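The listed protein sequences correspond, in order, to chains A and B.
Residue numbers for the first sequence follow this note's numbering, beginning at 1 and rising by one.
Residue numbers for the second sequence follow this note's numbering, beginning at 1 and rising by one.
It is worth saying that the hints were derived from the structure and are not from the lab.
Heads up, a few of these hints could be off.
Unchecked claim - Partial chain B-side listing against chain A, Cβ under 7 Å, derived:
# : residue
1 : ASP72
2 : GLY215
3 : ALA227
4 : ASP264
To be verified - With a straight-line cut-off of 25 Å between C-alpha atoms, the simulated BS3-like cross-links for lysine-lysine are:
#  : chain 1 : residue 1 : chain 2 : residue 2
5  : A       : LYS738    : B       : LYS174
6  : B       : LYS142    : A       : LYS730
7  : B       : LYS329    : A       : LYS418
8  : A       : LYS730    : B       : LYS174
9  : B       : LYS234    : A       : LYS376
10 : A       : LYS418    : B       : LYS234
As the list claims (entries may be wrong) - Here are the computed distance ranges between Cβ atoms for each label pair:
#  : chain 1 : residue 1 : chain 2 : residue 2 : range
11 : A       : GLU711    : B       : ALA172    : 40 to 48 Å
12 : B       : PHE315    : A       : ALA712    : 42 to 50 Å
13 : A       : TYR405    : B       : LEU233    : 26 to 34 Å
Being a predicted model, the structure only gives us computed values, none of them experimental.
Using N, Cα and C, we set each Cβ at its ideal position, and we do this for glycine too.
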Amino acid sequence: MAMIEKDVEMANQAVQEMTFASGNEMAALAASQINYHIMGYFPITPSTEIAQLLDQMKGRGEHETMLIPADGEHGSAGICYGASLMGARVLNATSANGLMYMLEQLPVQSGTRFPMVLNLVTRSVSGPLDIHGDHSDLYFTLNTGWVVLLARTPQAVYDMNVMALKIAEHEDVRLPVIIAYDGFFTSHQKRKVHYFRDRETVQAFIGPRKEGFPTAADPKRPVTIGAHMGGDDLINNHYQQSVALYRAGDVFRQVAAEYEKWSGRRYEPLDLYRMEDAEVALFLLNSAAETAKDVADRLRKQGIKAGVISPNIIRPFPAEEIRQALKHVKALLIGERADSYGAHGANMTHEVKAALQEDRDNQTIVLSRVYGLGGKDFYAEDAEALFRMAIDAMEKGKAEKTFDYFGHVPGRLEQQPKRLLEPIHGDAFRSGLIHVTVDDKTKRLNVKIPPLRALTAKPKRLAPGHGACPGCGIFPGLELFFKGIEGDIVVLFQTGCAYVVSAAYPYSSHKQTMVHNLFQNGAATLSGMVEAFFELKRRGELNVSDDVTFVMVTGDGGMDIGMGSAIGTALRNHKLIIIEYDNEGYMNTGAQMSYSTPMGHMTTTTGVGKGQRGKSFHHKDTPQIMAATNIPYVFTGTEAFPQDLVKKAAKAQWYAQHEGTVYGKLLITCPLNWKSEERYGETILQAAVNSCFFPLYEVERGKTTITYNPEAKGRRIPLSEWLKYMGKTKHLLREENKDLLRELEEEVERRWTILKAKHEHPYL
Amino acid sequence: MLPKTNEQGFFEIRLESIGGLGANLAGKMFAEAGVLWSGLNGANFSSYGSEKKGTPVKSFIRFCEPHIEIRDHSPIATPHVIGVFHEALAKMVDVTSGLVADGTAVVNSTREFDDIRRDLRLPYGTLVIVDALGIAVEERVKINMPMVGALLRVCSFIQPEAMETVIRRTFATKAPHLVEANIRAFRRGYEEVRIQASPAPAEERTFVRPSPRFGYETQLIGGVIVAGGNSLLKNVSGSRQGFLPRWEADKCIHCVACDNVCPDLCFVWEERVDKKGRKQMFLAGIDYQYCKGCLKCVEACPTAALVAEREVPGFAEAHSLKHSFSFMKGGMEAWQ
Numbered sequence: 001m002a003m004i005e006k007d008v009e010m011a012n013q014a015v016q017e018m019t020f021a022s023g024n025e026m027a028a029l030a031a032s033q034i035n036y037h038i039m040g041y042f043p044i045t046p047s048t049e050i051a052q053l054l055d056q057m058k059g060r061g062e063h064e065t066m067l068i069p070a071d072g073e074h075g076s077a078g079i080c081y082g083a084s085l086m087g088a089r090v091l092n093a094t095s096a097n098g099l100m101y102m103l104e105q106l107p108v109q110s111g112t113r114f115p116m117v118l119n120l121v122t123r124s125v126s127g128p129l130d131i132h133g134d135h136s137d138l139y140f141t142l143n144t145g146w147v148v149l150l151a152r153t154p155q156a157v158y159d160m161n162v163m164a165l166k167i168a169e170h171e172d173v174r175l176p177v178i179i180a181y182d183g184f185f186t187s188h189q190k191r192k193v194h195y196f197r198d199r200e201t202v203q204a205f206i207g208p209r210k211e212g213f214p215t216a217a218d219p220k221r222p223v224t225i226g227a228h229m230g231g232d233d234l235i236n237n238h239y240q241q242s243v244a245l246y247r248a249g250d251v252f253r254q255v256a257a258e259y260e261k262w263s264g265r266r267y268e269p270l271d272l273y274r275m276e277d278a279e280v281a282l283f284l285l286n287s288a289a290e291t292a293k294d295v296a297d298r299l300r301k302q303g304i305k306a307g308v309i310s311p312n313i314i315r316p317f318p319a320e321e322i323r324q325a326l327k328h329v330k331a332l333l334i335g336e337r338a339d340s341y342g343a344h345g346a347n348m349t350h351e352v353k354a355a356l357q358e359d360r361d362n363q364t365i366v367l368s369r370v371y372g373l374g375g376k377d378f379y380a381e382d383a384e385a386l387f388r389m390a391i392d393a394m395e396k397g398k399a400e401k402t403f404d405y406f407g408h409v410p411g412r413l414e415q416q417p418k419r420l421l422e423p424i425h426g427d428a429f430r431s432g433l434i435h436v437t438v439d440d441k442t443k444r445l446n447v448k449i450p451p452l453r454a455l456t457a458k459p460k461r462l463a464p465g466h467g468a469c470p471g472c473g474i475f476p477g478l479e480l481f482f483k484g485i486e487g488d489i490v491v492l493f494q495t496g497c498a499y500v501v502s503a504a505y506p507y508s509s510h511k512q513t514m515v516h517n518l519f520q521n522g523a524a525t526l527s528g529m530v531e532a533f534f535e536l537k538r539r540g541e542l543n544v545s546d547d548v549t550f551v552m553v554t555g556d557g558g559m560d561i562g563m564g565s566a567i568g569t570a571l572r573n574h575k576l577i578i579i580e581y582d583n584e585g586y587m588n589t590g591a592q593m594s595y596s597t598p599m600g601h602m603t604t605t606t607g608v609g610k611g612q613r614g615k616s617f618h619h620k621d622t623p624q625i626m627a628a629t630n631i632p633y634v635f636t637g638t639e640a641f642p643q644d645l646v647k648k649a650a651k652a653q654w655y656a657q658h659e660g661t662v663y664g665k666l667l668i669t670c671p672l673n674w675k676s677e678e679r680y681g682e683t684i685l686q687a688a689v690n691s692c693f694f695p696l697y698e699v700e701r702g703k704t705t706i707t708y709n710p711e712a713k714g715r716r717i718p719l720s721e722w723l724k725y726m727g728k729t730k731h732l733l734r735e736e737n738k739d740l741l742r743e744l745e746e747e748v749e750r751r752w753t754i755l756k757a758k759h760e761h762p763y764l
Numbered sequence: 001m002l003p004k005t006n007e008q009g010f011f012e013i014r015l016e017s018i019g020g021l022g023a024n025l026a027g028k029m030f031a032e033a034g035v036l037w038s039g040l041n042g043a044n045f046s047s048y049g050s051e052k053k054g055t056p057v058k059s060f061i062r063f064c065e066p067h068i069e070i071r072d073h074s075p076i077a078t079p080h081v082i083g084v085f086h087e088a089l090a091k092m093v094d095v096t097s098g099l100v101a102d103g104t105a106v107v108n109s110t111r112e113f114d115d116i117r118r119d120l121r122l123p124y125g126t127l128v129i130v131d132a133l134g135i136a137v138e139e140r141v142k143i144n145m146p147m148v149g150a151l152l153r154v155c156s157f158i159q160p161e162a163m164e165t166v167i168r169r170t171f172a173t174k175a176p177h178l179v180e181a182n183i184r185a186f187r188r189g190y191e192e193v194r195i196q197a198s199p200a201p202a203e204e205r206t207f208v209r210p211s212p213r214f215g216y217e218t219q220l221i222g223g224v225i226v227a228g229g230n231s232l233l234k235n236v237s238g239s240r241q242g243f244l245p246r247w248e249a250d251k252c253i254h255c256v257a258c259d260n261v262c263p264d265l266c267f268v269w270e271e272r273v274d275k276k277g278r279k280q281m282f283l284a285g286i287d288y289q290y291c292k293g294c295l296k297c298v299e300a301c302p303t304a305a306l307v308a309e310r311e312v313p314g315f316a317e318a319h320s321l322k323h324s325f326s327f328m329k330g331g332m333e334a335w336q
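Next comes chain A alone, as it looks inside the complex (with noise of 0.2 Å):
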């Protein structure tokens, strides 16, 4: 963020600062001045930077506001809700399938009349997936129960933040609010801005934490929150949250007016823009109506009288406030960037068309239109042919369609989606030269895999052109491991790096049949895939060969926000390979940390500075969590010890095909966000099993096996040794990090240690 400029004082109001910023780092710096006791999140793009930049301001001492990374958004809404249950100050940040995922707990937390506020920056749920921005996950939001403001601008983001706290904790209001503005256009786009200079000012302006409303924080006030009710309750509890809510209507108004005083920028609950005299109008959510300013400006100076309405708050809606604008407008096109699909128009259709009916005189032709979705460009040309609709409709009188979509088109019928390569399947992918038997005595598998110059015959899984960064260790460490694995596979990607490189409509890298789904849930859906593909063979639906491998390829995030999920499907003991590459962090939403980001690592979340070291905690050992299921077979492998790999995907398959479910891990380079060179990949990977920290074996029904150890072939080197070709741990070989590198040294040796007492010992 750009710092102070020169100050702008005004007459009567506070100190403000001019910068140039955009909606997120405005959301960023409104939450610092707060000083919020706590911020539960989960990374998700577009809104991820909050949490990024308040990570960062904290290093540099800015605020105190406790950062806590959730499992994913649901444990993120859990998290804001306890700690707004013992009366804090509470934050989050999210966007379209993270808010899909805490969906549930938004009603818990209005419906106990906890206030918090959570900034949406608005995105495309999935799916298909979409990182863009729309409307479609604001529009779940409409009945949460939650105040719902928008921001069309950074400017407004900064202010509905300041106002935002002071609405929720209102006696009148005790409601959780929204903020919700416009992923990347607003979240990213940089604007001049201003801003109250003191922190002080803003916490003068929102005031203390008011006191009265019961806590879980006080035993001298002990209390029971979320008794379940029968419905002669329930109705008193929710007609209560329905005045509180249309109450909050007039808090935001008072709320908006005395900001005003403050900061000189007005807020009404409907942004008018030269709707005084006009007859054709268009109503648009956030960012687009600014582009709809200025194609009114030019529409005007050819003697149409047209204006744009934009609503600052649409829970509760201003109903009345758009029956007064639209009074004598003749025509008024509604340009949704979200569909309600069958309803004839999506939400903000319906309730400005139920406002309207209640002014009986009222006699505006209302028009409908599904435009931007995944965040497609609206240009100034789009705004006027949406207007050049509604013109058209004033002038015959009547719309000719009155609900439509807008942008989409038809393609050309020449130019069809064809295959484009001879499908590979069967024994394309059966190379004869690997195999593997059962051991009489015990019981585990003897592997013989030929040297892998041979292995060159069979054709990768994927096809090259995909888009990973140079030098990503993704696809080294998968074909190595599908090299191991003869005959067909059907693979699962969750959402993470390798997924979004390699499906990139209408792209795909995939020569066998891949799926995606979210990365809470691909375990259990390729559960589903795997019993399904059984059940209709069993049934005889299906004609095609047993011998196909289904398998889940997920990265660390993966294996966080979707452990549950991923256990589950362990204890089912299903026939799958759940293959995970470990990059230690959230590579695709900007490298954050994951809990298998070891100890004093820097990421975008766990920055290194004054006030902190990189991540607080040590990595997540997931092979042993995935081992404490009990099913067959887990491994670990990387590139760097390839045969050891092969034989591993080999053992993988037999045991997926006989017994139930595999899990192995891949450590893998991200050299973009290890700030290591390209070339070291290997190098680096060589010194990560070198140094004991990823430790090459597997635990085979039940019985752990080192696979390769390097203190027995004289290779053990010390930690450091791995640690220096990483710009992302270079701090940690400064005399000053001496504790916290012993400290992970120290858990690396633990661990360790427990492995080969697991090695020697068959009943650990």
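Knowing the structure of chain A, use the given hints to seat chain B on it.
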């Protein structure tokens, strides 16, 4: 203050780069120099997606007089100035699309004007060449600093002193030891430019909004793709940043070490008969269309049969061995 503006009152700049060269930061610093230190209003943003390092990115800067409110947030289609950070990008992206008739392109290159005009499809407009890579290597900074210098040369409404202030403030917190090197690289970029005026008045190339390959009549329902593997149609060689592996066949022992570590499936193998008459797999070459130049294979090679080499234009094309894929009849035509 601004030399020229469009209908909305904007002077617009578009930076064309690949991820990792610092174009995003360059755009931000440029905008800050205008907004915070030159009395202009402005906006700055980048193309955002799931793009990774090495893939095409754009950064946009809009400037206007301070009294104008910036409401437009759509990408810049018809810029006054285009900065091309990476020449090879032209293989993947139409980098000069929409440049206004009297616009300027600033290109990081060591080549001649005519070659650049041909490859970048730039028959008109002022062309500014700067060896940003050379300066960056000598000063040990990213190429964004000399590029910012060269771009500033054609944006005289921002004083070099304003930009130096921004550079100092940007690096003072992030990397104080790099401040002076960045300032030097910036100044050299500003000074060491070659400028060629528009050779002839020409029709400006109109900007065409990209339309998707398939529409609602042709997309398979549910977004299903049957053309799995069609990423092989892409040319990702523009991700290379100056280096590639050169293969010396006579030193190769066909041990697969390179293939085991290659992220981009570049190595082409063939079955042949070995000296003892047995069928055996042999490394036959490298398909450079997919090589991103990470050089992991060079590190992995035990016999120095793979060597890191500074890429010269034409080398990859001349030495590439294409993978052989089995295409469906009519498959390739459908994807032309």
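Practice task
Provide an ascending list of the numbers of those earlier hints which the structure does not satisfy.
Solution key: none
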